[in-house]
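K.L.:
Sequence:
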Amino acid sequence: MKARVMVAGLGLLLVAAGLFTSPAARASMAFDGAWSVLIVTDRGTCDRAYRYALRIANGRVYYDDPSFSVSGAVDGAGRVQVGVSAGGQSATGVGRLNGNSGQGSWSGRSSTSQCSGHWEAERRG
Numbered sequence: 008m009k010a011r012v013m014v015a016g017l018g019l020l021l022v023a024a025g026l027f028t029s030p031a032a033r034a035s036m037a038f039d040g041a042w043s044v045l046i047v048t049d050r051g052t053c054d055r056a057y058r059y060a061l062r063i064a065n066g067r068v069y070y071d072d073p074s075f076s077v078s079g080a081v082d083g084a085g086r087v088q089v090g091v092s093a094g095g096q097s098a099t100g101v102g103r104l105n106g107n108s109g110q111g112s113w114s115g116r117s118s119t120s121q122c123s124g125h126w127e128a129e130r131r132g
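The opening residue of the sequence shown carries number 8 in the numbering used here; numbering runs sequentially from there.
Treat the hints loosely; a few may be bogus.
So the derived label-pair ranges between C-beta atoms look like this [stated by the list, open to error]:
1) H125 to S74: 21 to 31 Å
2) T119 to S76: 29 to 39 Å
3) Q121 to A37: 30 to 40 Å
4) T119 to A37: 35 to 45 Å
What the hints contain is simulated information worked out from the structure, not anything from laboratory work.
All residues carry an ideal CB built from backbone N, CA and C; glycine is no exception.
Whole structure, please, built from the sequences with the hints as guidance.
P.N.:
Dropping the structure here:
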């Protein structure tokens, strides 16, 4: 369960299209819309894969689960840097969004395990 929370929260962040109103963040608003994010574990004991639906509006990511602490941004070139934490777990991810898709890598840890992998995002609307 802890690993799932860590992976789930990371999925929310990986397409967080900007959290500021700078010119770069306004450019990131091009990523607004509904997205589907696939989080895949390549190393470690986290669950193999999860898919999450989220919405980006005005450069911010929205998801119905407030149990995650989320921070992240994407610049005008689509470069994504994200972080998520819940309880004693944390994860970070980097990657790039480009048009209607994106990809990158992530890593995370809890008090008992470490995991890493890759993510893929696809715009749904």
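K.L.:
Let me make sure I understand: some of the numbered hints might not hold for this structure. Which ones are they, in numerical order?
P.N.:
2
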